[in-house]
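J.: The chain contents come next:
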Amino acid sequence: MDWVNAIIQGILIGGLYALFAAGLSLIFGVMRLVNIAHGDLIVATAYLAWVIIKATGVHPLVSLIFVLPIAAFIGYWLQIGIFNRVLGKDILPPLLVSFGLSVIIQNGLLATFTVDSHKLNAGVFETSSFEILPGISMGYFPLLMFFTAIAVIIALQYMFYHTSLGRAFRATSDDTEVALLMGLDNRKVYAWAMAICLAVVALAGVFLAIRSNFDPFMGPGRLIFGFEAVIIGGLGNLWGTLIGGVILGVAQGLGAELDPGWQVLAGHLAFLLVLAIRPRGLFPRIAG
Amino acid sequence: MSDIISRSTLASKLAGLVALVAIAVLIAAPWWGSVATERLIGEFMVYLALASLWNLLAGYTGLVSVGQQSFVGFGAYIVFSLALLAGWNPLYTVPMAGIATALIAIPVAKLVFRLQGAYFAIGTWVVAEVFRLGFAQMSILGGGSGKSMPANVVKQIAETKFWREATIYWLAIAIGIGALAMVYALLRSRIGLALTAIRDNETASVSLGIRIERVKYLVYVFVAGMTGLVGALFALQKIRITPDAAFSVNDWTAFVIFIVVIGGIGTIEGPIFGTIIYFLLREFLADLGSIYLLILGALAIGVMLTTPKGIWGFIQARFNLSLFPTGFRVLSKDKS
Amino acid sequence: MSEPLLTIEHLEAAYGDARALHGLDFSLNAGETLALIGANGAGKSTLLKSICGLVSNKSGRVLFKGKDIAGLPANEIVKQGIALVPEGRRLFPSLSVEENLILGGKVKRPGHWSLDTIYSLFPILKEKRHAPSTSLSGGQQQMVAIGRALMSNPDLLLLDELSLGLAPIIIKDIYELLPKITGNGVTAILVEQDVTRALHSASHFICLQEGHISLSGDPKVHTRDAITRAYFGT
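Protein chains in written order, with the numbering used here: chain A, 1 to 288; chain B, 1001 to 1336; chain C, 2001 to 2234.
Since the hints were derived computationally from the structure, they do not count as laboratory data. Just so it is clear, CB atoms sit at the ideal spot from N, CA and C, and this is done for glycine as well. Some hints here could point you the wrong way.
To be verified - Which residues of chain A face chain C? A partial, calculated answer using Cβ under 7 angstroms:
(1) Lys54
(2) Arg170
(3) Glu177
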C-alpha cells in the first residue's frame, strides 16, 4: 500500500514540478533563454506572498490576487531592464547574468528575511483528504495543485496557439527580424513572455510555500526540478513538461520509499536515465 | 624586406621576468610569512587554478559549466578514500585524484554533451547534485556529516607542522601556477589555435576540418582532471570533508564564474586579475556577509552589461597590452 | 510639383566594418515603380534593408513623406507605411498561412488591402488558409509573403528578389499580378536578378555597383549596352 501511495503522491507533486517547468519552457521557446534565477524567483514570490499575508491576513490562495500581477510586473521590467540587454547570438551573457541574479536574489532574501524558514498556512485545507480506496487517500491540496497545473498548461497552450500575443511569441521566436518588419518590437514581446512566466512562477511559489517550509536557498533545487521536467518531457512541449514532472515526482516518491536520503537522488537518476536513452526527451516537439 | 614573426611583446617579456621573481618570492613564503599567509596564498592559488580552467572551458570552447564542483568534490573524496580506506600517504593520492577525476569525466561528458548551450549548464549542475547526494549516502566516508583526516594520517604528509604547512602550500603553488601555465601552453598549441578558431567562428572552423566536438570533449576531460587536482589540494588544505563543502556550487562555481567575468572572459590574464580583485573585495567586504555576495553578483552583472570582456578586456583594448601572447605578430624591421 | 514620396540623401550603410553603401542620392515619386539592379554584392538588398530599418545607417537621410526615418527601428518604420517582401520569402514556419497574413496587418493601417482582398488576388491562399505556411509550394509561399507585406497597406512596397528559386512559369504569373498591386497607388522598389524582367516592370531604374549608383533613369531611354556596362562596371 505504501508503494501505491508513494506513486499517487508522486503523480500529484508532479503538478507542482510542471508549474516550475512551464515558465522555463515558455521562456526558452520564445527567446532561447535559460534563466538560472528561475528557482530563486519562485522562492522570492513565496516571500512576497508571505509579506502580503502578514500585512493583510488574507488566505494564501487569496494572496495570489496580489502576488500574480506584482510578479508579472516585475517580470516585464526584469526583461526590459536586464535580459533584453544581453540576449543575442552568444548564450554566455544571458546565462551569466541570470546566474548573478540568482546569487543576488538568494542573498537579498537572506539579508531581508534571515535564514529561518517560513511556511504559508492554508488552514485545515492543507491536510484534509479523502479515501479513494481503503488505505489510499488523496489530499485536497495536492489535487488542487495538480489540476491547477493542468489548467495552466491548457491556458498557456491556448494563449500560444490561439491569441494574437501567442502569434507574436511564435513569430518572434521564428524570425525576429521579419517580426520587426511586421511592427512587433521583440523587446516588448520578450517582456510579455517574461511577465507571463513570472505569473506562473508566482503560482508555483505560493503552492510551494503552502506545501512545505521555504528558505532563501531553496531556489536552485526548484530550478533543477523544473529543468528536469522540461528535459524528460521533451523541449518545447508543454504537455511533456507535465508528464516530465509526474515522472520526476514518482521517481522521487519511490526513492523516498526506499530510503529518505534517496528521494531527490532518485529523481536526478531518472532524469539522467532519460538523457542517456532518449536525449531529446520522451515527447519532443514534432517540427512544423 | 626583413619582417620577423614574433609571439612575444615587450610587455610579455617584462611580465615574464616579474613573474619569475614573484614565483621565487612565493616559494620562499614559509620562511618569510606566517601560516596564515601561506593559507591565504594557498587559497588564492585554488581560485587562480579554478578560474583559469573554467575560463578555458567557457571562454574558449563555449562549454558553460555550472557543475565544476562535481570534479572538485570528486577529487577531494578520492583523496579521503585512498588515504582513509586504502591507507595511502595523502600526498600520493593527489595525482590519483587528478587521474580518477579525468576518468569519471568521460562518462559524465557523454551524458551532458547531449544537452546544448544553457541546458548543458544546468545538466552539469544536476550531475554535481548527483555526486553530492551520492557521497552523502556513503556512510563509510562519513555520509552527510563528512569526515576528518585522523592525526596519524595527516602526519604522513610531514612530521612537523612547519613542513606540513609548507608542503601543502608548495603543492598549492604548483597547482595554481601549473594550471595557469598548462592553460597557456594549451592555448599556444595546435589545439589552442583550433579553440581560438572555434571561438571566433564555429562555421569557418568546421570547414577548416577541425573536429569541434572532439576538441571540446578533450578539453572538458582535461579541465575535469585538473579540477580534480584542485579538489585534492582542497582536501589536504582542510583535512576535513563534507559533501556540502566539497560539492558547493557557490564556492567552486559561482565565485569562479564571477572571478572570470569580472576579470575578463576569454583572455588568459582575465582570471588572474579577477582572482586578485575577488580576494581584495573579500578582504574588505567579507564582514558584510550576505550583502557582500549581493555586491559580488551585482558587480558581475554590471561588468557583463557594460564591459562584456571584463576589466582585462577593457585594459587590453585601451592599451593593446598582452602579457600572455598566444597569437603571432609581424614585426617589421624596416624603420621608416 | 509635389514632393517625392521617398528621398535618399547621402546614404551610407555598413555591416560591421564592411561598408556596403557609399553615399547614395535619389528620389522616388508616389506611384512610380523603381527597379534596382546590379550584380551580387552591389548593395541592392542592403539598400532595401536600410530603408526599412533592418540595417542601421551610418550617415545620410531617408526622407519618407517629408520625415527623416533613417534612425527609426524597423517596427516603427512599418507603421509609417513601408513594407518589405524579404529575399527568400521568410514566412513564419510556426504560423499558418492566414496567421502570417494577419500578422502582416498588425499595424492596422487603413487601406484597400484586407484578408478578403488578398484572397481575391490570390484565391489559392484562401483554400490553404489554415495550412502551415511551410507546406506550400515556393510560388504560393511568395504569394503569402507579398500578401503579408500588403496587409499593412503600405505606401511604399519593397520587393526583394521575387523570382528567387521559383520556376519560370510561376515567376511569370507573379509578375503579371504586379500591376494589380501597384495599380492601387502603391509605390514600389523592385530588386531583381532578372534584369530584363525588372526593367520591363519598372518606370524607372537605378543600377548599383559596389555601393554607388552607376546609372539611373528611364529604362526606355538607355540602350541595353549602356545598362550592361553600368551593371558590370566595364
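J.: Honestly, which of those hints from before does the structure not fit?
T.: 1
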